[in-house]
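Asker: Listed here are the chains, written in short residue letters.
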Amino acid sequence: MIALADNSAFATGAARPAARITRRRHAAVLPGFGTSLAITSLVVLALIVFPLAVLILRAASLGPAGFLAAAWTPRARAAYAVSLSASLIAAAASSLLGLLVAWVLARVSFPGRRILDALVDVPLALPTAVAGLVYSALYVKKGWLGQWLVPLGIQGAYSYLGIVLVLVFVSLPFAIRVVQPVIESLDRDTEEAARILGASRLQTFLRVVLPAILPAVVTGFAMALARALGEYGSVVFISGNMPFKTEIAPVLIVARLEEFAYAEATTVAVLLLAMSLTLLVVVNTLQQRLVRNAQ
Amino acid sequence: MAHAHFSTNHSKPLATLLVTAAVGVVGLVIVVPLASVFYEAFARGPGAWWAALAHDPDTRHAIWLSLTVAPVAVAINTVFGIAAAWLVARFRFPGRSLLISLFDVPFSVSPVVAGLALVLIFGRQGLLGPTLAWLDWKIIFSWPGLVLATTFVTLPLVVRELIPVMEAIGPEEEMAAVSLGASGWQVFTRVTLPNIRWALLHGIVLANARAMGEFGAVYVVSGHIAGVTDTMPLRVEKLFQEYRQPASMAVASVLAGLALVTLVAKVVIERRLEAEARDLEAARTLGDDQNTRQLEGAAA
Chain Y
965 MIALADNSAF ATGAARPAAR ITRRRHAAVL PGFGTSLAIT SLVVLALIVF PLAVLILRAA
1025 SLGPAGFLAA AWTPRARAAY AVSLSASLIA AAASSLLGLL VAWVLARVSF PGRRILDALV
1085 DVPLALPTAV AGLVYSALYV KKGWLGQWLV PLGIQGAYSY LGIVLVLVFV SLPFAIRVVQ
1145 PVIESLDRDT EEAARILGAS RLQTFLRVVL PAILPAVVTG FAMALARALG EYGSVVFISG
1205 NMPFKTEIAP VLIVARLEEF AYAEATTVAV LLLAMSLTLL VVVNTLQQRL VRNAQ
Chain P
4 MAHAHFSTNH SKPLATLLVT AAVGVVGLVI VVPLASVFYE AFARGPGAWW AALAHDPDTR
64 HAIWLSLTVA PVAVAINTVF GIAAAWLVAR FRFPGRSLLI SLFDVPFSVS PVVAGLALVL
124 IFGRQGLLGP TLAWLDWKII FSWPGLVLAT TFVTLPLVVR ELIPVMEAIG PEEEMAAVSL
184 GASGWQVFTR VTLPNIRWAL LHGIVLANAR AMGEFGAVYV VSGHIAGVTD TMPLRVEKLF
244 QEYRQPASMA VASVLAGLAL VTLVAKVVIE RRLEAEARDL EAARTLGDDQ NTRQLEGAAA
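In order, the protein sequences belong to chains Y and P. First residue of the first sequence: 965, per this note's numbering; consecutive thereafter. First residue of the second sequence: 4, per this note's numbering; consecutive thereafter.
Since the hints were made in silico from the structure, they are not lab data. Cβ coordinates follow ideal geometry from the N, Cα and C atoms, glycine included. Some clues are possibly wrong.
As the list claims (entries may be wrong) - Under 10 angstroms between C-beta atoms, here's a sample of chain Y residues computed to sit facing chain P: (1) 1008; (2) 1012; (3) 1073; (4) 1213; (5) 1237; (6) 1248; (7) 1250.
Using the sequences and the hints, build the whole thing.
Answerer: So, in C-alpha cells, the structure goes:
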C-alpha cells in the first residue's frame, strides 16, 4: 500500500516540489484538521500518555534507593530472568519456524496454500486465555500430546517448557507476516544468476537470499520478542507460576498488586515498560530501513 | 532447517519436504490446539456443552458482559481511528511522526502494565481515587474500567488499517469535493467513507476479536468478581482454577468459534481490499498514460 502511494505521479523526481505545494495547500483546503486533532490528542493523551506517565512518576517518587529495593528483589530478578530467557528462546524459535512457513507460503504453490495462509493468523484472533487453557490440556499426562511426551520426560505443562510453547504460539504470526512479503518481493533473477554462475544452493541462500531477507527476519524477531515479553493470559494457565522457577514478570506484577504491594508492582512494571519501549524503537527503526530498502 | 535446499526452483521432492515441514509446524502449533478446544468442549455431547454455557448464571453474565464491553471499546476505536487516520494521512504538522509512534505503544506495552497504570489512576489508592470516591463513581472493579482497559489494548488496530489506505488513495477526490462546495460531513460520508469502508471494516473486525478476547489488562482492572466483572476470557480462567475443565472448555469454544468467524471475515475483506488496491493502481496507470499523451501532444 505504501509503495503504491509512492508510485503515484506525485512522488516522481520532477514533480516533487509540486507535491509539496499541493500538500501545503490541501492542508488549508481540506476540512476537519481541528476536530481530528482534538479527538486524536484527547484519546492519545488520556489513554496512553497520562496512564504511562502516572506509572513512571509513581515509580520515580520512590527515589533511586527505594526503586532498587522494590524492583531488584531476588524474586523479581528470577522473574526477569525467566521472562527474558523464555521470550528470547520463543522469539528465536518463532523466527526459524516462521522463516520456513513464510518461505513455503511465498515460494511454493500447493493445494491448501490459502488455508495454511489463513491459519497463520489464528493466534492473532484466538484469545490468549483459550490458548493457555488448551495448551495446558494438550501437554498434561492425559493430554493428546502429553501422553506421548510425558513418558519421555518432557513436561510441556506447568513447566518452563510450557511457557516457551505458548510464547511460540502467540509470537509466530509476527515472525511470519514480516518476512513473507519480503520473500515475495525478492528478485528471483539474482538467485538464478547466482545458480548459473555456479553457486551451490547453500551459497545462493547464504550470499544472495539471506542478506536480502535478514532485516525482515530481525524485525520479525524483535516484534515476536516484544509480544512474548508482555504476554500474560496464556502463560498464567500453563506455567504453574512458581516463584523463582516459572514466574514471569507480568505474573509477578499481578501477584504483587493482589497483595496491595503497589511499589513493587509499579517498579517491575516500569522495568518491563522500558524493555517494551526500547524494542518498539528498535522495531520502528528497522521497519523504516525495510521500507527504504524496498524502494 | 534444510538451508542447503532453498533455491529459486525447488525440485519436486524438496518442495514436498518443505511443504510437509511447514504444514507440520502450523499443524502442531496452531491446528491441533484449535481442534482440541472443540473436541474437549463437545466431548460430553452438545447437551452438556449447552448446559455449561446457559445454566450457569455466572457464565451467562460473563457472556453478556463481554457483549456489552467489546462494542463500546470498538466504537471508541472506530471514532478515534477515523479521526487519527484523517489527521495523519491528510495533514502535515509538527509532532506528526511522534504521534504515529504513540499509536503503536499499546501493541508493545504488556496488557498487565496497562491495567496497572489504570489502577494507579482510578483505583482506591490511585491519583483520582479520592475524587472518584467523593463522586461515588466506580471505575476500577467495574464496567468503565473494563471498557478503558479494552480500549487501550485495541487502540492501534483501526487506525493502523486506515492510514496506509488513506495515503494510497490520496486527497484528490476529497479536494475536488471541497472545491465543488461539499461540507466537511458530506466529504466524509460521500467520498472518504466509501473509499475506506473495507479497510475500516477490517480494523473493526480485528479490534472486536481482540476486545472479546482481552485477558491481561481486563484481569488487572476487573478484580475478577464472578457474576459481576468477569468477562468470557476471565470466566475461562475462573472455571479452570475451580477444576471445572469441561465448563471452561465450553466457554473457550465460544471464543474460539468467534476467532474462526473473525478469520473468515478477515480473508473475505482482504480480498476486497486487494481488488480495490488493484483498481486504484489501474486507474493511476490510466491517468498517467493520459497525462503522457497530453504532454506528447503539447510537445508536438
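Asker: Could you tell me which of the hints above the structure violates, numbers in ascending order?
Answerer: Hint check: 7 fails alone, others pass.
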